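J.: From first to last, the protein sequence lines stand for chains A and B.
My numbering applies: residue 1 is where the first sequence begins, and numbers increase by one.
My numbering applies: residue 1001 is where the second sequence begins, and numbers increase by one.
Read the hints as simulated data drawn from the structure, not as lab findings.
This one's a predicted model, so the numbers in the text were calculated from it and none came from an experiment.
Glycine included, every Cβ here is placed at the ideal spot set by N, Cα and C.
Treat the hints with care, since some could be wrong.
Stated by the list, open to error - Label pairs and their calculated CB-CB ranges:
{"#": "1", "chain 1": "B", "residue 1": "1012", "chain 2": "A", "residue 2": "61", "range": "34 to 44 Å"}
{"#": "2", "chain 1": "A", "residue 1": "29", "chain 2": "B", "residue 2": "1054", "range": "14 to 24 Å"}
{"#": "3", "chain 1": "A", "residue 1": "55", "chain 2": "B", "residue 2": "1016", "range": "23 to 33 Å"}
{"#": "4", "chain 1": "A", "residue 1": "27", "chain 2": "B", "residue 2": "1110", "range": "24 to 34 Å"}
{"#": "5", "chain 1": "A", "residue 1": "110", "chain 2": "B", "residue 2": "1070", "range": "41 to 51 Å"}
{"#": "6", "chain 1": "A", "residue 1": "59", "chain 2": "B", "residue 2": "1012", "range": "37 to 47 Å"}
{"#": "7", "chain 1": "B", "residue 1": "1016", "chain 2": "A", "residue 2": "78", "range": "43 to 53 Å"}
{"#": "8", "chain 1": "B", "residue 1": "1084", "chain 2": "A", "residue 2": "54", "range": "11 to 21 Å"}
{"#": "9", "chain 1": "A", "residue 1": "67", "chain 2": "B", "residue 2": "1079", "range": "18 to 28 Å"}
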Amino acid sequence: DQQVKQNSPSLSVQEGRISILNCDYTNSMFDYFLWYKKYPAEGPTFLISISSIKDKNEDGRFTVFLNKSAKHLSLHIVPSQPGDSAVYFCAASRSGGADGLTFGKGTHLIIQP
Amino acid sequence: EAGVTQSPTHLIKTRGQQATLRCSPISGHTSVYWYQQALGLGLQFLLWYDEGEERNRGNFPPRFSGRQFPNYSSELNVNALELEDSALYLCASSLDTRGTGELFFGEGSRLTVL
């Protein structure tokens, strides 16, 4: 029973274009969402987060959108750069929860030159 | 400032043996989490330690265990190794003791069970 789903195992985008990574969740108790980026042979690194009281959070080239009614969030990267090629994990948590973060399976983003 | 450090980087064991993985959190962080990333799967929550106590464990059998030491470093033990235990084991630390905040990950320990 996957509570956080990333349905696209991989995504290929041309350099300079927008990359859109999607994530769906099923647990309505989740109220905090994060995106992590992972390069091969390295641990995941935090990218950006959003609280359920917001519907958008922006940090430079990265913007996360949250649609609570659809239980859907997305990460937009614009413009996409070669260094953005990595696996991106969506994660969710709930206030007062003791489950840590619940992660999706990840989406491998490939930026084509 | 040093990040989360894990050792060993790689470990090869045979079925039935025991594996011990170690983790040092970021200085000042009291919470340590362990995750398993098996091939084709996302990060699966294993264990959460805070202030020396186990706060929660994921859906893993009891042969996965661990502890947290007074200096907040942590150890993950896997007994009676099975082939499907082959995975990348990631340790993360956090300042947030509610279990909801940002986690800082180490580079992981790759366990191979033959």
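J.: Against the structure, test the hints numbered earlier, and report the numbers of the ones violated in rising order.
T.: Structure breaks hints 3, 8 and 9.
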